[in-house]
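Required output: the full structure, derived from the provided sequences and hints.
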Amino acid sequence: MARIDVNHIRHSYLTNPKEDSDFALKEVHHTFEDGGAYALLGPSGCGKTTLLNIISGLLHPSHGQLLFNGRNVTNLSTQERNIAQVFQFPVIYDTMTVYDNLAFPLRNRRVPEADVDRKVRETLDMIDLASMANRKARRLTADQKQKISLGRGLVRSDVNAILFDEPLTVIDPHMKWVLRSQLKQLHRRFGYTMVYVTHDQTEALTFADRVVVMYDGEIVQIGTPAELFERPRHTFVGYFIGSPGMNVLPVALEGRTALLGSQRIELPGAPKAEAGLVELGIRPEYVRLGREGMAVSVSKVEDVGRHKVVRANLEGKEIAAVIGEDDEVPAEPRVRFDPAGINIYADSWRVEMGA
Amino acid sequence: MEKTWNNKAWFLVLPVLVLVAFSAVIPLMTVVNYSVQDTFGNNVFFWAGTEWFEELLASDRFWEAMARNLIFSFIILAIEVPLGIFIALNMPKKGWGVPVCLVLMALPLLIPWNVVGTIWQVFGRNDIGLLGYYVNAFGIDYNYVQDPIDAWVTVIIMDVWHWTSLVVLLCYAGLVSIPDAFYQAAKIDGASRWAVFRYIQLPKMQRVLLIAVLLRFMDSFMIYTEPFVVTGGGPGNSTTFLSIDLVKMALGQFDLGPAAAMSLVYFLIILLLSWVFYTVMTNYDAER
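Chains F and Z, in that order, are what the protein sequence lines are.
Residue numbering for the first sequence follows this note's numbering, starting at 1 and increasing by one per position.
Residue numbering for the second sequence follows this note's numbering, starting at 1001 and increasing by one per position.
Treat the hints with care, since some could be wrong.
[Said to hold, decoys possible] Computed far set for chain F versus chain Z, every beta-carbon distance over 12 Å:
1. G35
2. G70
3. A84
[Claimed, not checked] No farther apart than 30 Å at their CA atoms in a straight line, the calculated lysine-lysine pairs in the DSS-like style are these:
4. F/K26 x Z/K1094
5. F/K18 x Z/K1204
6. F/K119 x Z/K1204
7. F/K184 x F/K119
Keep in mind that the hints were calculated from the coordinates and are not lab data.
For glycine and all other residues, C-beta sits at the position ideal for the given N, C-alpha and C.
The structure is reproduced here in C-alpha cells:
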C-alpha cells in the first residue's frame, strides 16, 4: 500500500502541446492518502482515465512527477510500480481456467507455486467463484468475467494501489450493487489504496470516502459525498452531482440579499463576490414548494418513485424542486429557498458568505 | 404455425440451380462419365467399369506425385504460417507505416500465377537470372533445371514469396481486432512478451489461422501454374505434382478415362483432407 502524490502533472496526447486546450490533463496536483478509497468522477473526456493511466504507468505524463510513498516513480514501468488495474471491459485470458487466470500475475512474478495456490484460493473465495475454479474462463458470463479481472487485481497482496476504470459498465444493475459492496468490504478488510474512475455519481458516492470531481482536464473539487452535495465548489459539480442537478440562477447582489428579477432572496450571509457573473445555486431538495414565497408556474411533475420532481418557471428561469411522494402541488404554487441550501457563485466558483 | 406448401417456390431457386448445374454438376458428371469408359477417338466409348480406378491406385506414378504434393504442402505450411505470424506481429499498428506495409504485402497476391512463374523462371536462371547468376558467382552450385533439390528449393521459395502475404494479412486482421485493454492488462499482470503472444495474441488469431491453413493447404495441394512454368515438372519427374501429372495425362497423352478417374480421386482427397482439417480445428476450438 502506498500514498500516491500526483505532483503538478500535466498531460497532452499531442507531441507539441502549445495552448491549454491541447492538454487532456491541465494540471493535477493531489495526494491520494494511503489506504483511502477515492472516486474520480466526471463526464466522458474529462481526463479521468488519463490520470488513472498515468498513475498505473501505462502513460508517461508530459510534465510533472508521480511519487509513491515519497519515491519518484515517474519513469518506472507499470510492472515496477506494482499496481493493479481493472478495466472497463473484462479482460480474461480465454484459453486459461479461472484458476490459471488468477494465478497468472503471480506466476509472471515467479511466486512459489505453494503461495500461488494459497493466494488464488483466498481470492476465489473473496470474489465468490471458488466453485468455478477449473472452468474455462471464456464460458463465463460478463459479470463473472469482470470478477476475474477484479480478482487478478486483488490476488497480489503487495500492490501499491488498485485502480478501477469504470469497472461496472458492463454489469447488470443488480450485480453492480453486489460487486460494489464486495469491493467496499474488501477495502475495509485489507485497507488497499483504491482509485475508482466512474461517470456514475451513485457509484462514486457509495464507493468512495473522498470523491475527486474532474471537469475539462482539471480537478474542480475534492470532498466527501456530503460536501459535494451541500457545498459544490463549482457550478459544474452542482449540475453533475444530484438528480436532478442544482438549480443555478443568475442574480444581482445587494448586501445580504440576492435579486432575482423582481424577487428578493434573503441570504444567510453577505457574499464576498467581486465583479463577474454572479449566480445563486440551490439544490432541488432545498426548494420548498408551498403557499408562501415566490410565485411560480408549474410546467411538469415527474414521479420518479420515492419522490416527485416538480419543474417550474420562476421569473422566466427553469427550476426544479423535489417534493415528497404523497405531497400535492398547490393550486397557486409558490417557492421558498431554504437558506441552508443556498450557495453563491462568482464566475462559476463558489464564494464564501460572511456573517 | 401451419406451413404453407407451394411448389411454385421451386421457380425461385431455379436460376441458381441452373447456374450450379452448368458450372459444376454437369462438368463433374461428364468427368464421372469419362472415368468409367474407354475411348479410341471418334466419339466411340466402351464401358470400362472400375478399371481406370484400379489401375490408378495401383500405379507408382500416382502415389509418387501424391507424396510430392503432401511433402510440398507440409513444407510450405511449416514455413508460411510461422513466418506469416512473425511478420504480422512486427507490422506497425498505426501511423503511416500501416498502408505502406499493407500495400507491400498485397503486391505478390495481385500478380497472376503464370507471371509469378515466369518471374522466378528468369530470376533463377544461371545465365541471365539475378538470383541464379549471383548464387553461382558465390560458389554455390545452383541449377534448378538439372538438380531436383535446387528445383524444389526454387519452387518452395517462390510459393513462400507468393503466398506468405496472405497469412500475414489474415493474422494482421486478427491482431488489430484485439482491444488495447488486453495489452494494458498484460502489462499490469507483468506478462512477458512470450506470454502476451501465447495467451492473448495466439488465441485471438486462432480463427483466422484456421482459415489461413485451410486456404494455403488447398491451394498448395492443387498447385499447377507456377511449377509448370518454372520447371515443367522436372528435372525428371521431381516436381511433377498431381495437377501437373493430371494435365500431362489428359491433354498430353489424351488418356481421358485414366485422367478422369484421377481427377475424381484428386477431388475426393482434397475434400477429405479439408474436412479433416476443419473438423479437427473446430472441435479443438469447441473443447476449450
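| message | Hint by hint, where does the structure go against what was stated? Just the numbers, ascending. | response | 3 and 5
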